[in-house]
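With the sequences and hints as input, model every part of the structure.
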Amino acid sequence: MTTPDAPATPDETGVPAPRVVIADDQDLVRTGFRLILTARGIDVVGMAADGVEAVAAVRRLRPDVVLLDIRMPNMDGLEAARRILAEAPYCRVIMLTTFDLDQHVYEALAAGASGFLLKDVTPAHLAAAVRLVSTGDALLAPSITRRLVERCGPGAAAANPAAADTVHQEPAALTPREREVLTLMGHGLSNAEMARAFTLSEATVKTHVARIFAKLSLRDRAQAVVLAYETGLVTPGSVTAARPGPPPAEAG
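Each residue of the sequence shown is one higher than the last, beginning at 757 in this note's numbering.
Simulated from the structure, these hints should not be mistaken for laboratory data.
The structure presented is a predicted model; accordingly, all values stated were derived computationally and were not measured.
Per label pair, the in silico range of CB-to-CB distance: (1) Gly-797 / Gly-988: 36 to 44 Å; (2) Ala-884 / Ser-957: 22 to 30 Å; (3) Thr-878 / Glu-843: 25 to 33 Å; (4) Pro-829 / Ala-880: 25 to 33 Å; (5) Gly-988 / Gly-788: 40 to 48 Å.
Where a beta carbon is used, it is the ideal one built from N, C-alpha and C, also for glycine.
Right under this line is the structure:
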């Protein structure tokens, strides 16, 4: 395990730098990612060579974000993610993979990971991704969401124990507008894109998203996307979100 020479500083917005653990069985990857992140003001507090070390590092160092390789010896990234999120639900997990259609991506998201990155990610994107998930958002661009939906589709949870173990309320608990917001989240739209689609302020969309999370016991957008296509709100082939009509009438 290693730590950087000096603590990182807050970014230009004044938000404290996230504390990060990097877990990968390749020393060059760990070292390269550490150098990239520390150069951009992110505090890399520890590194691990396998899943066992990653779980121990999170338990000891309590980081905000873990970069976790899917394929590692002794304990793979999927099992490490399950254990980390069970013990430290405050922690955000980003899965690292060599292939953008890795067969385990859906399972990782269902287990609670906040998204995934390819190992050839650009330095700027890597740093931005870590800061993004540390705020509670998820790495789910529309192209990534589309591939997940087309690859897995409704009913995929039946073949994934990690998904089956996640208990949420049914979307029936949502208002009509909240169901529309969840559907667009399932298509990978950002808050800003949904605000334009609904002709609402971004603050109003954020309020809808927060209510959806609370009603359905979701931790972040990654779980919202999983739920959206598990319940059929988003389906394979439906890769372009339809623009919604006028806001439905809601009580209150």
